[in-house]
Amino acid sequence: MRVLLVGAGGVGTAITRIAARRSFFDHMVVTDYDLSRAEAVVAALGEDGARFSALRVDASDRAAVTALIAEQRCDILVNATDPRFVMPLFDAALAAGVDYLDMAMSLSSPHPERPYEECGVKLGDGQFERAAAWEEAGRLALVGVGVEPGLSDVFARYAADELFDQIEEIGVRDGANLTVEGYDFAPSFSIWTTIEECLNPPVIWEKDRGWFTTAPFSEPEVFDFPEGIGPVECVNVEHEEVLLIPRWVESRRVTFKYGLGEEFIETLKTLHRLGLDRTDEVTVPGGAVSPRDVVAACLPDPASLGELMRGKTCAGTWVKGTKDGAPREVYLYHVVDNQWSMREYGSQAVVWQTAINPVIALELVAGGVWSGTGVLGAEALDPRPFLDLLVEYGSPWGLREQ
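Residue numbers (my numbering): 1 to 402.
Bear in mind the hints are in silico, worked out from the structure with no lab data behind them. Note that the structure is predicted; figures quoted are calculated from it, not measured. Ideal Cβ positions, reconstructed from N, Cα and C, are used throughout, including at glycine. Each hint should be verified, as a subset may be incorrect.
Claimed, not checked - Simulated crosslink set (EDC-like; lysine to aspartate or glutamate; CA at most 16 Å straight-line):
| id | residue 1 | residue 2 |
| --- | --- | --- |
| 1 | K323 | D165 |
| 2 | K122 | E197 |
| 3 | K320 | D161 |
| 4 | K323 | D161 |
| 5 | K323 | E401 |
| 6 | K269 | E197 |
| 7 | K323 | E197 |
| 8 | K320 | E206 |
| 9 | K323 | E250 |
| 10 | K320 | E169 |
| 11 | K207 | E169 |
| 12 | K323 | E206 |
| 13 | K323 | E162 |
| 14 | K320 | E197 |
What the hints assert, rightly or not - What follows is a set of in silico ranges between Cβ atoms, one per label pair, in the way DEER data are often shown:
| id | residue 1 | residue 2 | range |
| --- | --- | --- | --- |
| 15 | T179 | D224 | 15 to 25 Å |
| 16 | G368 | L163 | 38 to 48 Å |
| 17 | E263 | A132 | 37 to 47 Å |
| 18 | E118 | D382 | 31 to 41 Å |
| 19 | A50 | A215 | 45 to 55 Å |
| 20 | R247 | E329 | 18 to 28 Å |
Work out the full structure, taking the sequences as your base and the hints as a guide.
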(Lines of atoms letter the chains of each structure in order from A and count residues from 1; the text may use other names and numbers.)
(Lines give C-alpha, C1' and ligand atoms only; values in the text may rest on other atoms or scores of the structure.)
Protein backbone atom coordinates (compact mmCIF):
# COMPACT_ATOMS: atom_id res chain seq x y z
CA MET A 1 0.00 0.00 0.00
CA ARG A 2 1.20 3.50 -0.94
CA VAL A 3 -0.38 6.27 1.13
CA LEU A 4 -0.79 9.96 0.32
CA LEU A 5 -1.08 11.86 3.61
CA VAL A 6 -2.37 15.40 3.13
CA GLY A 7 -1.67 17.65 6.11
CA ALA A 8 1.51 17.76 8.21
CA GLY A 9 0.09 19.44 11.30
CA GLY A 10 -0.26 17.89 14.73
CA VAL A 11 -2.45 14.96 13.71
CA GLY A 12 -0.54 14.33 10.48
CA THR A 13 2.74 14.32 12.39
CA ALA A 14 1.37 11.84 14.94
CA ILE A 15 0.10 9.61 12.12
CA THR A 16 3.63 9.30 10.72
CA ARG A 17 5.11 8.50 14.15
CA ILE A 18 2.56 5.76 14.79
CA ALA A 19 2.67 4.34 11.26
CA ALA A 20 6.48 4.24 11.22
CA ARG A 21 6.33 1.37 13.75
CA ARG A 22 4.04 -0.75 11.55
CA SER A 23 4.88 -2.78 8.44
CA PHE A 24 1.55 -2.84 6.57
CA PHE A 25 2.38 -0.06 4.06
CA ASP A 26 5.17 0.31 1.51
CA HIS A 27 5.48 4.10 1.38
CA MET A 28 3.80 7.22 2.77
CA VAL A 29 4.03 10.54 0.93
CA VAL A 30 3.66 13.35 3.49
CA THR A 31 2.32 16.55 1.95
CA ASP A 32 1.44 20.04 3.11
CA TYR A 33 0.90 23.51 1.67
CA ASP A 34 4.13 24.40 3.51
CA LEU A 35 6.80 22.07 2.12
CA SER A 36 9.19 22.80 4.98
CA ARG A 37 6.64 21.51 7.46
CA ALA A 38 6.23 18.22 5.55
CA GLU A 39 10.01 17.88 5.28
CA ALA A 40 10.41 18.48 9.03
CA VAL A 41 7.88 15.74 9.80
CA VAL A 42 9.80 13.22 7.71
CA ALA A 43 13.19 14.34 9.01
CA ALA A 44 12.00 13.92 12.61
CA LEU A 45 11.43 10.20 11.96
CA GLY A 46 15.18 9.66 11.57
CA GLU A 47 16.06 6.10 10.61
CA ASP A 48 12.36 5.19 10.77
CA GLY A 49 11.68 7.60 7.90
CA ALA A 50 13.01 5.41 5.07
CA ARG A 51 9.47 4.65 3.85
CA PHE A 52 8.41 8.33 3.91
CA SER A 53 8.92 11.27 1.58
CA ALA A 54 7.80 14.92 1.64
CA LEU A 55 6.13 16.96 -1.09
CA ARG A 56 4.12 20.17 -1.39
CA VAL A 57 0.46 20.25 -2.39
CA ASP A 58 -2.40 22.71 -2.02
CA ALA A 59 -5.28 20.76 -0.45
CA SER A 60 -7.83 23.09 -2.04
CA ASP A 61 -6.56 22.31 -5.57
CA ARG A 62 -8.43 19.17 -6.61
CA ALA A 63 -6.62 18.87 -9.96
CA ALA A 64 -3.19 19.14 -8.35
CA VAL A 65 -4.04 16.51 -5.72
CA THR A 66 -5.45 14.18 -8.39
CA ALA A 67 -2.28 14.53 -10.46
CA LEU A 68 -0.08 13.92 -7.41
CA ILE A 69 -1.93 10.71 -6.55
CA ALA A 70 -1.21 9.40 -10.05
CA GLU A 71 2.38 10.62 -10.06
CA GLN A 72 3.16 8.95 -6.73
CA ARG A 73 1.15 5.79 -7.55
CA CYS A 74 -0.77 6.01 -4.27
CA ASP A 75 -3.56 3.61 -3.34
CA ILE A 76 -5.30 5.73 -0.71
CA LEU A 77 -5.53 9.38 0.31
CA VAL A 78 -5.56 10.18 4.05
CA ASN A 79 -6.98 13.61 4.81
CA ALA A 80 -5.38 15.15 7.93
CA THR A 81 -6.40 18.73 7.15
CA ASP A 82 -9.22 20.77 8.67
CA PRO A 83 -12.80 20.25 7.39
CA ARG A 84 -12.61 23.09 4.84
CA PHE A 85 -10.60 20.81 2.57
CA VAL A 86 -12.73 17.67 2.84
CA MET A 87 -14.60 18.06 -0.44
CA PRO A 88 -11.67 18.88 -2.78
CA LEU A 89 -9.64 15.99 -1.33
CA PHE A 90 -12.61 13.61 -1.31
CA ASP A 91 -13.33 14.47 -4.97
CA ALA A 92 -9.64 14.23 -5.93
CA ALA A 93 -9.43 10.68 -4.58
CA LEU A 94 -12.52 9.65 -6.53
CA ALA A 95 -11.20 11.30 -9.70
CA ALA A 96 -7.91 9.45 -9.29
CA GLY A 97 -9.66 6.12 -8.66
CA VAL A 98 -8.20 5.49 -5.20
CA ASP A 99 -9.63 4.93 -1.71
CA TYR A 100 -10.05 7.77 0.78
CA LEU A 101 -10.00 8.20 4.57
CA ASP A 102 -10.71 11.24 6.73
CA MET A 103 -11.27 12.13 10.38
CA ALA A 104 -13.80 14.95 9.93
CA MET A 105 -16.60 15.23 7.39
CA SER A 106 -17.85 17.87 4.97
CA LEU A 107 -19.11 21.04 6.63
CA SER A 108 -22.66 21.83 7.66
CA SER A 109 -24.67 25.03 7.35
CA PRO A 110 -27.58 25.97 9.65
CA HIS A 111 -31.20 26.04 8.60
CA PRO A 112 -31.84 29.62 7.36
CA GLU A 113 -35.04 30.19 9.36
CA ARG A 114 -35.05 27.66 12.22
CA PRO A 115 -31.38 26.92 13.02
CA TYR A 116 -32.05 25.59 16.54
CA GLU A 117 -34.93 23.33 15.56
CA GLU A 118 -34.35 22.00 12.06
CA CYS A 119 -31.26 20.80 10.21
CA GLY A 120 -29.98 22.71 7.23
CA VAL A 121 -27.08 21.05 5.43
CA LYS A 122 -25.80 18.36 7.80
CA LEU A 123 -22.23 17.28 8.44
CA GLY A 124 -21.28 14.77 5.76
CA ASP A 125 -24.21 15.55 3.44
CA GLY A 126 -21.81 16.61 0.69
CA GLN A 127 -20.02 13.27 0.89
CA PHE A 128 -23.08 11.04 1.19
CA GLU A 129 -24.58 12.74 -1.88
CA ARG A 130 -21.67 11.24 -3.86
CA ALA A 131 -21.97 7.73 -2.38
CA ALA A 132 -23.40 6.23 -5.60
CA ALA A 133 -20.43 7.51 -7.60
CA TRP A 134 -18.03 5.83 -5.16
CA GLU A 135 -19.99 2.58 -5.38
CA GLU A 136 -19.97 2.69 -9.18
CA ALA A 137 -16.21 3.27 -9.13
CA GLY A 138 -15.74 0.31 -6.79
CA ARG A 139 -13.79 2.47 -4.35
CA LEU A 140 -14.08 2.99 -0.58
CA ALA A 141 -14.42 6.35 1.15
CA LEU A 142 -13.99 5.65 4.87
CA VAL A 143 -15.24 8.81 6.58
CA GLY A 144 -14.99 10.13 10.12
CA VAL A 145 -12.31 7.74 11.37
CA GLY A 146 -10.46 9.70 14.03
CA VAL A 147 -11.21 9.25 17.70
CA GLU A 148 -14.51 11.16 17.72
CA PRO A 149 -15.88 10.39 15.21
CA GLY A 150 -14.14 7.08 14.61
CA LEU A 151 -13.30 5.05 17.68
CA SER A 152 -16.54 6.25 19.30
CA ASP A 153 -18.45 4.80 16.32
CA VAL A 154 -16.53 1.51 16.59
CA PHE A 155 -17.62 1.35 20.25
CA ALA A 156 -21.26 1.93 19.20
CA ARG A 157 -21.16 -0.94 16.71
CA TYR A 158 -19.39 -3.22 19.21
CA ALA A 159 -22.07 -2.50 21.83
CA ALA A 160 -24.84 -3.28 19.36
CA ASP A 161 -23.16 -6.50 18.20
CA GLU A 162 -21.98 -7.94 21.50
CA LEU A 163 -23.37 -6.14 24.55
CA PHE A 164 -27.05 -5.34 23.91
CA ASP A 165 -30.19 -6.86 22.46
CA GLN A 166 -31.93 -3.48 22.23
CA ILE A 167 -30.45 0.01 22.56
CA GLU A 168 -32.37 2.96 23.91
CA GLU A 169 -29.65 5.61 23.64
CA ILE A 170 -26.09 5.98 22.39
CA GLY A 171 -24.34 9.03 23.79
CA VAL A 172 -20.77 9.90 22.90
CA ARG A 173 -19.15 11.62 25.89
CA ASP A 174 -15.76 13.34 25.74
CA GLY A 175 -13.95 14.83 28.74
CA ALA A 176 -10.49 15.60 30.05
CA ASN A 177 -8.57 17.11 32.94
CA LEU A 178 -5.81 18.56 30.76
CA THR A 179 -4.11 21.81 31.76
CA VAL A 180 -1.58 23.90 29.84
CA GLU A 181 1.04 25.64 31.95
CA GLY A 182 1.50 29.36 31.24
CA TYR A 183 -1.69 29.90 29.22
CA ASP A 184 -5.07 31.22 30.30
CA PHE A 185 -6.65 29.95 27.06
CA ALA A 186 -4.91 27.35 24.90
CA PRO A 187 -7.13 24.78 23.13
CA SER A 188 -5.61 21.31 22.84
CA PHE A 189 -7.06 20.86 19.32
CA SER A 190 -7.51 23.06 16.24
CA ILE A 191 -9.38 26.21 17.30
CA TRP A 192 -10.77 26.52 13.77
CA THR A 193 -12.46 23.12 14.09
CA THR A 194 -13.40 23.71 17.74
CA ILE A 195 -15.24 26.93 16.87
CA GLU A 196 -17.00 25.21 13.98
CA GLU A 197 -18.35 22.30 16.01
CA CYS A 198 -19.10 24.19 19.23
CA LEU A 199 -20.95 27.21 17.83
CA ASN A 200 -22.97 25.43 15.15
CA PRO A 201 -26.41 24.09 16.18
CA PRO A 202 -25.89 20.66 17.78
CA VAL A 203 -27.71 17.78 16.08
CA ILE A 204 -29.67 15.08 17.92
CA TRP A 205 -31.20 11.96 16.39
CA GLU A 206 -34.35 10.22 17.58
CA LYS A 207 -35.93 7.24 15.88
CA ASP A 208 -39.42 8.76 15.84
CA ARG A 209 -38.24 12.21 14.77
CA GLY A 210 -35.06 11.82 12.73
CA TRP A 211 -32.36 14.49 12.91
CA PHE A 212 -33.11 17.83 14.55
CA THR A 213 -31.12 20.64 16.16
CA THR A 214 -30.93 22.43 19.48
CA ALA A 215 -29.10 25.49 20.85
CA PRO A 216 -25.32 25.39 21.34
CA PHE A 217 -24.21 24.18 24.78
CA SER A 218 -27.69 22.85 25.61
CA GLU A 219 -28.73 20.03 27.99
CA PRO A 220 -25.75 20.24 30.39
CA GLU A 221 -25.03 17.11 32.41
CA VAL A 222 -22.22 16.03 34.71
CA PHE A 223 -20.51 12.86 33.49
CA ASP A 224 -18.02 10.96 35.64
CA PHE A 225 -15.02 10.06 33.48
CA PRO A 226 -12.75 7.12 34.37
CA GLU A 227 -9.08 6.76 35.34
CA GLY A 228 -8.97 9.73 37.67
CA ILE A 229 -10.44 12.38 35.37
CA GLY A 230 -13.66 12.52 37.39
CA PRO A 231 -16.86 14.54 36.98
CA VAL A 232 -16.97 16.99 34.05
CA GLU A 233 -19.95 19.03 32.85
CA CYS A 234 -20.77 18.08 29.26
CA VAL A 235 -23.00 19.92 26.77
CA ASN A 236 -24.48 19.24 23.34
CA VAL A 237 -22.08 19.96 20.49
CA GLU A 238 -22.43 19.36 16.74
CA HIS A 239 -20.50 16.20 15.85
CA GLU A 240 -20.37 13.59 13.11
CA GLU A 241 -21.29 10.58 15.27
CA VAL A 242 -24.91 11.73 15.45
CA LEU A 243 -24.99 11.80 11.64
CA LEU A 244 -23.17 8.46 11.24
CA ILE A 245 -24.26 6.04 13.95
CA PRO A 246 -28.01 5.95 13.11
CA ARG A 247 -27.22 4.90 9.53
CA TRP A 248 -25.86 1.52 10.69
CA VAL A 249 -26.71 1.00 14.37
CA GLU A 250 -30.24 0.59 15.78
CA SER A 251 -30.95 2.98 18.65
CA ARG A 252 -33.86 5.13 19.75
CA ARG A 253 -31.66 8.20 20.37
CA VAL A 254 -28.09 9.35 19.57
CA THR A 255 -26.32 12.36 21.11
CA PHE A 256 -22.85 13.88 21.42
CA LYS A 257 -21.76 15.87 24.48
CA TYR A 258 -18.40 17.48 25.07
CA GLY A 259 -16.82 18.48 28.38
CA LEU A 260 -15.81 22.08 27.64
CA GLY A 261 -15.93 23.89 30.99
CA GLU A 262 -17.58 27.21 31.80
CA GLU A 263 -14.56 29.38 30.95
CA PHE A 264 -14.08 27.73 27.55
CA ILE A 265 -17.78 28.13 26.72
CA GLU A 266 -17.76 31.82 27.71
CA THR A 267 -14.69 32.43 25.53
CA LEU A 268 -16.40 30.84 22.53
CA LYS A 269 -19.56 32.89 23.17
CA THR A 270 -17.47 36.06 23.29
CA LEU A 271 -15.78 35.22 19.99
CA HIS A 272 -19.25 34.74 18.49
CA ARG A 273 -20.60 38.01 19.90
CA LEU A 274 -17.63 39.87 18.41
CA GLY A 275 -17.97 38.13 15.04
CA LEU A 276 -14.55 36.57 15.40
CA ASP A 277 -15.90 33.11 14.60
CA ARG A 278 -16.75 34.19 11.03
CA THR A 279 -14.98 32.51 8.12
CA ASP A 280 -15.91 35.05 5.43
CA GLU A 281 -13.22 37.67 4.89
CA VAL A 282 -13.38 41.22 6.24
CA THR A 283 -11.43 44.17 4.88
CA VAL A 284 -8.65 45.55 7.07
CA PRO A 285 -5.75 47.90 6.32
CA GLY A 286 -3.47 45.96 4.04
CA GLY A 287 -5.99 43.46 2.70
CA ALA A 288 -8.75 41.03 3.63
CA VAL A 289 -8.68 38.36 6.32
CA SER A 290 -10.96 35.74 7.82
CA PRO A 291 -11.63 36.60 11.51
CA ARG A 292 -11.48 32.94 12.50
CA ASP A 293 -8.10 32.56 10.80
CA VAL A 294 -6.86 35.55 12.80
CA VAL A 295 -8.00 33.93 16.06
CA ALA A 296 -6.23 30.71 15.08
CA ALA A 297 -3.04 32.61 14.23
CA CYS A 298 -3.06 34.39 17.60
CA LEU A 299 -3.30 31.17 19.62
CA PRO A 300 -0.49 28.65 20.11
CA ASP A 301 -0.33 25.66 17.77
CA PRO A 302 -1.94 22.80 19.75
CA ALA A 303 0.73 20.41 18.50
CA SER A 304 3.41 22.55 20.20
CA LEU A 305 1.84 22.41 23.67
CA GLY A 306 2.72 18.84 24.61
CA GLU A 307 5.57 19.69 26.97
CA LEU A 308 3.30 22.13 28.85
CA MET A 309 0.27 19.88 29.11
CA ARG A 310 -0.61 17.74 32.10
CA GLY A 311 -3.44 15.28 32.58
CA LYS A 312 -5.52 12.83 30.59
CA THR A 313 -8.11 12.92 27.83
CA CYS A 314 -10.99 10.45 27.51
CA ALA A 315 -13.13 9.62 24.50
CA GLY A 316 -15.97 7.18 24.85
CA THR A 317 -19.46 5.98 24.10
CA TRP A 318 -22.17 5.57 26.73
CA VAL A 319 -24.86 3.05 25.79
CA LYS A 320 -28.16 2.34 27.54
CA GLY A 321 -30.53 -0.53 26.68
CA THR A 322 -31.33 -4.12 27.56
CA LYS A 323 -29.51 -7.45 27.46
CA ASP A 324 -31.30 -10.77 28.05
CA GLY A 325 -34.35 -8.84 29.22
CA ALA A 326 -32.47 -6.86 31.90
CA PRO A 327 -31.55 -3.14 31.85
CA ARG A 328 -27.92 -2.39 31.12
CA GLU A 329 -25.74 0.72 30.84
CA VAL A 330 -22.08 0.73 29.84
CA TYR A 331 -19.39 3.25 28.99
CA LEU A 332 -16.79 2.10 26.47
CA TYR A 333 -13.79 4.39 26.58
CA HIS A 334 -10.21 5.15 25.61
CA VAL A 335 -7.96 7.25 27.86
CA VAL A 336 -4.58 8.72 26.92
CA ASP A 337 -2.21 10.26 29.45
CA ASN A 338 -0.33 13.21 27.96
CA GLN A 339 2.92 12.37 29.73
CA TRP A 340 2.79 8.85 28.24
CA SER A 341 2.08 10.00 24.66
CA MET A 342 4.80 12.64 24.88
CA ARG A 343 7.32 10.16 26.26
CA GLU A 344 6.48 7.38 23.80
CA TYR A 345 5.74 9.37 20.62
CA GLY A 346 6.55 13.04 21.20
CA SER A 347 2.91 13.96 20.44
CA GLN A 348 0.44 15.52 22.84
CA ALA A 349 -2.46 13.35 23.98
CA VAL A 350 -5.35 14.84 22.00
CA VAL A 351 -3.67 14.75 18.59
CA TRP A 352 -2.12 11.34 19.29
CA GLN A 353 -5.49 9.88 20.33
CA THR A 354 -6.97 11.19 17.09
CA ALA A 355 -4.11 9.88 14.94
CA ILE A 356 -3.91 6.27 16.11
CA ASN A 357 -7.35 5.43 14.71
CA PRO A 358 -6.78 6.24 11.02
CA VAL A 359 -3.53 4.27 11.18
CA ILE A 360 -5.40 1.24 12.54
CA ALA A 361 -8.06 1.66 9.85
CA LEU A 362 -5.35 1.83 7.18
CA GLU A 363 -3.86 -1.41 8.45
CA LEU A 364 -7.26 -3.13 8.34
CA VAL A 365 -7.88 -1.89 4.79
CA ALA A 366 -4.37 -2.90 3.66
CA GLY A 367 -4.94 -6.41 5.00
CA GLY A 368 -8.40 -6.75 3.47
CA VAL A 369 -9.99 -7.08 6.92
CA TRP A 370 -12.03 -3.93 6.33
CA SER A 371 -13.39 -3.59 2.81
CA GLY A 372 -16.35 -2.23 0.91
CA THR A 373 -17.41 0.34 -1.64
CA GLY A 374 -19.19 3.65 -1.33
CA VAL A 375 -19.12 6.13 1.55
CA LEU A 376 -18.92 4.24 4.87
CA GLY A 377 -18.41 5.13 8.50
CA ALA A 378 -16.48 2.94 10.92
CA GLU A 379 -19.74 1.58 12.39
CA ALA A 380 -20.50 -0.06 9.02
CA LEU A 381 -17.60 -2.49 9.54
CA ASP A 382 -16.60 -5.23 12.00
CA PRO A 383 -15.48 -3.56 15.26
CA ARG A 384 -13.61 -6.46 16.86
CA PRO A 385 -10.48 -6.41 14.61
CA PHE A 386 -10.19 -2.67 15.18
CA LEU A 387 -10.37 -2.97 18.96
CA ASP A 388 -7.93 -5.88 18.94
CA LEU A 389 -5.40 -3.82 16.99
CA LEU A 390 -5.86 -0.88 19.37
CA VAL A 391 -4.65 -3.15 22.15
CA GLU A 392 -1.82 -4.51 19.98
CA TYR A 393 -0.70 -0.93 19.33
CA GLY A 394 -0.20 -0.58 23.10
CA SER A 395 -3.19 1.63 23.86
CA PRO A 396 -5.96 -0.51 25.42
CA TRP A 397 -9.61 0.49 25.68
CA GLY A 398 -11.93 -0.01 28.65
CA LEU A 399 -15.51 -0.94 29.50
CA ARG A 400 -17.29 0.27 32.62
CA GLU A 401 -20.69 -0.95 33.75
CA GLN A 402 -22.66 2.11 34.79
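Against the structure, the hints come out as follows:
no. : hint                       : result
1   : K323 with D165             : 5 Å, holds
2   : K122 with E197             : 12 Å, holds
3   : K320 with D161             : 14 Å, holds
4   : K323 with D161             : 11 Å, holds
5   : K323 with E401             : 13 Å, holds
6   : K269 with E197             : 13 Å, holds
7   : K323 with E197             : 34 Å, violated
8   : K320 with E206             : 14 Å, holds
9   : K323 with E250             : 14 Å, holds
10  : K320 with E169             : 5 Å, holds
11  : K207 with E169             : 10 Å, holds
12  : K323 with E206             : 21 Å, violated
13  : K323 with E162             : 10 Å, holds
14  : K320 with E197             : 25 Å, violated
15  : T179 with D224: 15 to 25 Å : 19 Å, holds
16  : G368 with L163: 38 to 48 Å : 27 Å, violated
17  : E263 with A132: 37 to 47 Å : 46 Å, holds
18  : E118 with D382: 31 to 41 Å : 35 Å, holds
19  : A50 with A215: 45 to 55 Å  : 52 Å, holds
20  : R247 with E329: 18 to 28 Å : 23 Å, holds
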